[in-house]
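Engineer: Line by line, the protein sequences give chains A and B.
The numbering used here runs 21 ahead of the 1-based position in the first sequence.
The numbering used here runs 21 ahead of the 1-based position in the second sequence.
Heads up, some of the hints might be wrong.
[Unchecked claim] SDA-like, lysine to any residue: derived pairs with alpha carbons at most 25 Å apart: (1) K123/B to K123/A; (2) K123/B to S150/A; (3) K118/B to R140/B; (4) K123/B to H128/A; (5) K123/A to S59/B; (6) K123/B to A152/A; (7) K123/B to P31/A; (8) K123/A to R140/B; (9) K118/B to D190/B; (10) K118/A to Y179/A; (11) K123/A to Y179/A.
These aren't lab readings, by the way, just hints derived from the structure by calculation.
As the structure is a computational prediction, the values presented were derived from the model and not from experiment.
Spelled out, the chains give:
2 protein chains.
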Amino acid sequence: MPASYAYLGPEGTFTEVALRTLPEAATRELIPYVSVQSALDAVRVGEAEAAFVPIENSVEGGITTTLDELVAGEPLMIYREVLLSITFALLVRPGTKLADIKSVSAHPAAQPQVRNWLRAHLPDAVWESAASNADAARLVQEGHYDAAFAGEFAAARYGLEALETGIHDAENAQTRFVLVGRPARPAAPTGADKTSVVLWQRDDHPGALRDLLGEFASRGINLMLLQSRPTGAGIGNYCFCIDAEGHIADRRVAEALMGLRRICLQVRFLGSYPRADIAPGEARPTPPGTSDEEFMAASDWVARCQDGRF
Amino acid sequence: MPASYAYLGPEGTFTEVALRTLPEAATRELIPYVSVQSALDAVRVGEAEAAFVPIENSVEGGITTTLDELVAGEPLMIYREVLLSITFALLVRPGTKLADIKSVSAHPAAQPQVRNWLRAHLPDAVWESAASNADAARLVQEGHYDAAFAGEFAAARYGLEALETGIHDAENAQTRFVLVGRPARPAAPTGADKTSVVLWQRDDHPGALRDLLGEFASRGINLMLLQSRPTGAGIGNYCFCIDAEGHIADRRVAEALMGLRRICLQVRFLGSYPRADIAPGEARPTPPGTSDEEFMAASDWVARCQDGRF
Numbered sequence: 022m023p024a025s026y027a028y029l030g031p032e033g034t035f036t037e038v039a040l041r042t043l044p045e046a047a048t049r050e051l052i053p054y055v056s057v058q059s060a061l062d063a064v065r066v067g068e069a070e071a072a073f074v075p076i077e078n079s080v081e082g083g084i085t086t087t088l089d090e091l092v093a094g095e096p097l098m099i100y101r102e103v104l105l106s107i108t109f110a111l112l113v114r115p116g117t118k119l120a121d122i123k124s125v126s127a128h129p130a131a132q133p134q135v136r137n138w139l140r141a142h143l144p145d146a147v148w149e150s151a152a153s154n155a156d157a158a159r160l161v162q163e164g165h166y167d168a169a170f171a172g173e174f175a176a177a178r179y180g181l182e183a184l185e186t187g188i189h190d191a192e193n194a195q196t197r198f199v200l201v202g203r204p205a206r207p208a209a210p211t212g213a214d215k216t217s218v219v220l221w222q223r224d225d226h227p228g229a230l231r232d233l234l235g236e237f238a239s240r241g242i243n244l245m246l247l248q249s250r251p252t253g254a255g256i257g258n259y260c261f262c263i264d265a266e267g268h269i270a271d272r273r274v275a276e277a278l279m280g281l282r283r284i285c286l287q288v289r290f291l292g293s294y295p296r297a298d299i300a301p302g303e304a305r306p307t308p309p310g311t312s313d314e315e316f317m318a319a320s321d322w323v324a325r326c327q328d329g330r331f
Numbered sequence: 022m023p024a025s026y027a028y029l030g031p032e033g034t035f036t037e038v039a040l041r042t043l044p045e046a047a048t049r050e051l052i053p054y055v056s057v058q059s060a061l062d063a064v065r066v067g068e069a070e071a072a073f074v075p076i077e078n079s080v081e082g083g084i085t086t087t088l089d090e091l092v093a094g095e096p097l098m099i100y101r102e103v104l105l106s107i108t109f110a111l112l113v114r115p116g117t118k119l120a121d122i123k124s125v126s127a128h129p130a131a132q133p134q135v136r137n138w139l140r141a142h143l144p145d146a147v148w149e150s151a152a153s154n155a156d157a158a159r160l161v162q163e164g165h166y167d168a169a170f171a172g173e174f175a176a177a178r179y180g181l182e183a184l185e186t187g188i189h190d191a192e193n194a195q196t197r198f199v200l201v202g203r204p205a206r207p208a209a210p211t212g213a214d215k216t217s218v219v220l221w222q223r224d225d226h227p228g229a230l231r232d233l234l235g236e237f238a239s240r241g242i243n244l245m246l247l248q249s250r251p252t253g254a255g256i257g258n259y260c261f262c263i264d265a266e267g268h269i270a271d272r273r274v275a276e277a278l279m280g281l282r283r284i285c286l287q288v289r290f291l292g293s294y295p296r297a298d299i300a301p302g303e304a305r306p307t308p309p310g311t312s313d314e315e316f317m318a319a320s321d322w323v324a325r326c327q328d329g330r331f
């Protein structure tokens with residue numbers, strides 16, 4: 022398999038910074054792609070070993086391009102996740118003052134994260150969307166716009182200076198990224214893992230979604246993401262992207278997935294991988310009655326009863 | 022109250038076409054606004070009686086700008102909804118041929134709806150995002166780009182011609198729009214209504230969301246939309262925008278909302294209004310045990326028991 026990772030480019034964006042926090046990235050060639058779709062396609066056709074793309078953002082929610090790519094097409098699997106705190110710098114050509122700024126640019130995803138700051142500090146500046154924050158910085162360098170919102174790390178690359186740093190409308194603004202590869206045996210549980218699946222309901226009766234969630238709840242499994250995505254069959258037709266606590270090697274998770282496989286029209290397993298938000302030692306214990314030992318003891322007991330050995 | 026409706030402009034977009042399907046629009050002045058936010062603000066400050074904005078799309082899902090505006094800030098209420106089938110025309114300056122097209126433009130929301138068509142017919146055309154589809158048409162008229170994806174109705178306004186019509190990647194591509202005003206007594210039930218609410222969980226234990234949905238399910242209420250939106254408190258913190266069958270004047274809906282009010286941290290009522298997807302006569306009957314009469318009979322029975330009259 023080629024020792025390269027595809028990632029959502031260009032260079033000098035938050036995605037590259039997040040990718041470089043992974044130890045395994047140091048031993049791979051990192052290749053920027055122009056879109057989430059093309060990065061994931063590189064994995065599907067075997068051009069890259071894995072792809073690194075944003076999947077969730079604490080301001081905008083699930084990143085729908087990425088979710089929709091994972092929901093459809095050739096199956097892929099999430100191997101790892103990375104959480105990165107996002108704060109923007111206002112990058113300008115050296116010497117530019119705040120009062121000189123008539124136009125600002127960034128990727129559209131940045132806009133809701135800097136909207137309040139803009140209203141307070143540059144209420145009259147015109148917003149011009151760019152293909153990426155790094156591209157916005159390049160356009161400022163070339164004189165098309167007066168300022169770009171981007172990571173402070175992008176200033177040096179484009180000969181700009183950071184007029185302001187630490188810009189973010191919401192406290193704790195974070196983006197979650199995932200490393201996605203072809204289906205394989207998931208890495209062993211760490212004790213603080215999560216499992217991602219996509220669920221399609223069999224039919225749409227009152228309580229249909231509640232019943233799906235019951236497969237997790239009755240086994241003490243907490244959900245960390247529930248994002249509905251249109252199936253394309255018209256308004257009101259959705260599938261559900263779900264992140265749940267635990268690893269598919271945990272009995273409670275395996276049994277929940279079996280239950281879902283029985284009652285759903287379709288279930289797509291997207292992987293079990295270590296959580297980026299907490300260390301293994303910090304994971305809360307499984308609720309009473311949901312440990313692997315308790316599942317096995319219960320299974321043994323039923324087998325004994327079936328044998329007349331109770 | 023001023024007899025005007027604000028809507029997401031500019032003129033000549035699908036939003037205006039959808040708005041003009043409402044009989045009440047004929048007696049109002051219709052004023053385009055540059056953004057969903059500014060249209061809703063016009064209602065909040067009393068500049069407009071109501072605002073008309075897109076809220077859900079069968080390709081992209083919930084329109085997050087609109088949902089986030091309804092979730093936060095001064096409360097607003099949905100009065101009406103409109104469903105519009107969306108197909109695009111490829112608008113060009115008269116005489117342009119498909120082979121001449123090097124650049125195409127449209128609002129970013131159009132992109133996932135024409136992506137497959139583009140790949141098949143114009144694989145090498147450069148995509149340039151515009152502030153709206155109508156704006157893209159104007160930019161084509163002015164010679165900035167070669168073609169725009171917009172409603173066929175926009176061709177005449179901008180002196181363009183439709184090289185192709187009926188372009189849509191997904192069958193049944195529809196957008197749902199809502200007419201939003203200040204809180205007031207909802208219009209009387211029609212027999213085919215829906216109720217919109219936003220729910221914030223009190224805490225995050227296994228089954229927390231299942232419990233919320235149980236308030237609907239146990240009363241036979243089907244859900245038509247469940248869209249999670251970040252609360253801004255960091256990754257994994259979501260509130261839930263829900264559309265449910267029925268009207269707040271229906272006993273089953275009123276009791277579900279009471280239950281949610283008890284168990285949620287916060288509930289925001291966004292209105293009860295007629296469904297646009299079916300006529301009142303086509304609504305499916307409420308499940309056994311969930312009619313107003315059955316709720317009243319059950320309540321009477323408990324009261325009699327409490328009185329010793331059973």
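Engineer: If you test the structure against every hint from before, which numbers come out violated?
Structural biologist: 1, 8
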